[in-house]
Amino acid sequence: MTAVPRPDATVDQADRSGVEPDATGIGGLGRAPEDSYLSVRDLQVHFPTDDGLVRSVDGLSFDLARGRTLGIVGESGSGKSVTSLSVMGLHKPGTVRMRGSIILDGTELVGALPEEVRRLRGKKMAMIFQDPLSSMHPFYTVGHQIIEAYKVHNSVSTKVARAHAIDMLGRVGIPQPDRRVDDYPHQFSGGMRQRAMIAMSLSCDPDLLIADEPTTALDVTVQAQILDLIRDLQQEFNSAVIIITHDLGVVAELADDILVMYAGRSVEYASAEEVFDHPQHPYTWGLLESMPRLDREPTDRLAPIAGSPPSLIQVPPGCPFHPRCTSRELVGAPCHTERPAFRSVAPAHHIACHLDAPSRARRWTEMTESQP
Amino acid sequence: MTTDLPSRESRAVRGGEPLLVVDGLTKHFPIRKGVLQRQVGAVQAVDGVGFEVTKGETLALVGESGCGKTTTGRMITRLIEPTAGSVVFEGRDITHIGARAMRPLRRDVQMIFQDPYSSLNPRHTVGAIVGAPFHLQRTKTEQGTKRAVQELLELVGLNPEHYNRYPHEFSGGQRQRIGIARSLALKPKLIVADEPVSALDVSIQAQVINLLEDLQTELGLTYVVIAHDLSVVRHMSDRVAVMYLGTMVEMADRLDLYASPRHPYTKALLSAVPIPDTKRRQHRERIRLQGDVPSPIDPPSGCRFHTRCWKATEVCSTTVPPLVELAPRHRVACHHPEDPAGPETTPAP
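Those sequence lines, one after another, are chains A and B. Here the first sequence stands for residues 3 to 374, numbered as in the numbering used here. Here the second sequence stands for residues 7 to 355, numbered as in the numbering used here.
Honestly, the hints are just simulated from the structure, not real lab data. Note that the structure is predicted; figures quoted are calculated from it, not measured. Treat the hints with caution; some may be incorrect.
Stated by the list, open to error - Pair ranges (Cβ atoms, derived):
(1) A:Arg303 / B:Pro346: 28 to 38 Å
(2) A:Ser137 / B:Pro36: 25 to 35 Å
(3) B:Ala138 / A:Ala308: 22 to 32 Å
(4) A:Tyr186 / B:Lys152: 49 to 59 Å
(5) B:Gly40 / A:Leu115: 51 to 61 Å
(6) A:Glu275 / B:Leu142: 54 to 64 Å
(7) B:Ser301 / A:Leu115: 41 to 51 Å
(8) A:Thr97 / B:Pro346: 57 to 67 Å
(9) A:Pro95 / B:Glu87: 51 to 61 Å
(10) B:Gly40 / A:Thr109: 51 to 61 Å
Beta carbons are placed, not taken as given, at the ideal position from N, Cα and C, and that holds for glycine.
Produce the entire structure from the sequences given, and follow the hints as far as they go.
See the structure below:
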């Protein structure tokens, strides 16, 4: 990317004009359910750059209750990571324009002061990053970094915090935690570093855990260990978990609900069973059909999605997916001109697509039947 | 095009002429210490790997990071010097031939790299990148280099008019196509592709995999594909070789290997692949390997997998299991191989 955020860009975080708390706008889901711990409504995250406005997230809504796992799936540049950084309040102030609403346990985060959000990080929400080597400080021991995070949120002595760090490292499955606590990140293997990272995120017992591509840098056998660990810890702490990934296999293992993103927008949002058994959006069909799968008979040819994801500076008008969509002839003009509303097509199943129900059913049957 | 393609199974040239034969290939990277730089140990990256590649087939080398698959690929292409063993290409031993003698062979053996961002010079145009092999090998092309490059770009599905553009103007998938065009310039016989699609997005991966398969059919190429994604490997390859900590543990035809893995490690590896189907989540039997891959500096004695294997016995820690052909075209290096007819074994929970 040549687009560099301009440092003198206006601080626009507090601008929430035109967004009612229960607006069912283009990304509308209606009022948040009672039990939701995190509610995102019509979130827009834009970055002004010299090349134009980068619309990284453009009208995103979802809900997440405690004890549930949401999987956010999309290709690179679809806005998955920007969404998680927005929830965590980790965008550099002054470089970003945020609109819409992010409500975490009753607290509005869009427009909140950085200090307020910082107080929530660690205790109420924590994040696991993709690359544990670059997200841990190489100069401090693993234990030091966990102890420091724990002491910020709990007024305890270093001794107590250290005991807690050792306990956490043991919980995530690091052998001999009392010895390894004094090791530096480089002395850990990739899988162990990711475990230490998880221990650090969980040290303050967060209610919301965001895992951004937690296993992408890991081998399959280690990936399986880490996914198990996240599942077990979630049950133990009853936390809400967001898992961000491009791997549909990983979300199928973990997620209760799935949000499919394309070009900064949500295109499909439903329970995991619905997305895998009755997908409704052409992009989701494309993703499911284009990957080689071990659970199916091998095919001679894969069915890729044509073209490549759009630039977020010049998002195609109408439906952003229309240049790559194989079903657009069935609708015609609206795909090119009108942005499809994010609407409910079944109980708790939302999509953003102009196709009507009979055409969707027909297309999906055609696609699945062409499989040998 | 889709219907009249020969299927993988019929295309695999069974018992055909071997293009590449690798035997006992070993690479130990020395560890030096002190003022005198004395050798104090060695990273045993690859230890006695042997296989052959038949003309027109695709052999996949799979394994986790650090298993030596990339090092093996680099020894085949002679980018690094083997410590021991031999590489025979078209009946000629190329293990220790010099740079000058290697030069004409470079035309026949080409490589596709993993990262489409770092494997293309950002200061060179696409024309210069794809045309470089012609200049380096002083090959005269019939209609001039420019025309030849444009034909190559067309072959890999890029617009020939983009000849004068720079790599940053292309997306990841398009860059990988540029890398493929470059590797095809000198009409090679063997292409070693090191993780050709792992850096690409899911929707783009399928495009590049299809391209590689079309090119293989069209140009009669032979591939050695190095990959860690087992679903991609099953789709692309004819035969699969599984590596663990520098040794080969199992090698078989792809359907045979995926249907009935004989080595415990292969079995564990296959069971760890996440399947995009929520119904499988509950009743899927998963083999959990404990711990990490041991260090290749001081690998375990005997079978290198015995420290993590649930079937390991006394003999596993003392004797190195030889790679033996347990079934036709199915070789396994294990003292206690799985029996496809016998009862299933899994580690005790």
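- Item | Satisfaction of the hinted span 57 to 67 Å by the C-beta atoms belonging to threonine 97 of chain A and proline 346 of chain B | Holds - the Cβ-Cβ distance for threonine 97 of chain A and proline 346 of chain B, about 59 Å, lies within 57 to 67 Å.
- Message: Please check whether arginine 303 of chain A and proline 346 of chain B have a Cβ separation lying inside 28 to 38 Å.
- Response: holds, 29 Å
- Indicate whether the distance between the beta carbons of tyrosine 186 of chain A and lysine 152 of chain B respects the range 49 to 59 Å. Cβ of tyrosine 186 of chain A to Cβ of lysine 152 of chain B: about 53 Å, so the range 49 to 59 Å holds.
- So does glycine 40 of chain B sit 51 to 61 Å from threonine 109 of chain A, Cβ to Cβ? Because 59 Å falls inside the window, the suggested range holds.
- Message: If I claimed the Cβ atoms of glutamate 275 of chain A and leucine 142 of chain B lie 54 to 64 Å apart, would that claim hold in this structure?
- Response: holds, 55 Å
- Query: Does the Cβ distance between proline 95 of chain A and glutamate 87 of chain B fall inside 51 to 61 Å?
  - Reply: Check passed, 53 Å falls within 51 to 61 Å.
- Task: With respect to the beta-carbon atoms only, verify the hint that alanine 138 of chain B and alanine 308 of chain A lie 22 to 32 Å apart.
- Result: holds, 30 Å
- Message: Please check whether serine 137 of chain A and proline 36 of chain B have a Cβ separation lying inside 25 to 35 Å.
- Response: Given range 25 to 35 Å: holds, Cβ gap about 33 Å.
- Task: Indicate whether the distance between the beta carbons of glycine 40 of chain B and leucine 115 of chain A respects the range 51 to 61 Å.
- Result: Holds: the Cβ-Cβ distance is about 56 Å, inside 51 to 61 Å.
- Message: If I claimed the Cβ atoms of serine 301 of chain B and leucine 115 of chain A lie 41 to 51 Å apart, would that claim hold in this structure?
- Response: Since serine 301 of chain B and leucine 115 of chain A have Cβ atoms about 48 Å apart, the given range 41 to 51 Å holds.
In this structure, every one of the numbered hints holds.
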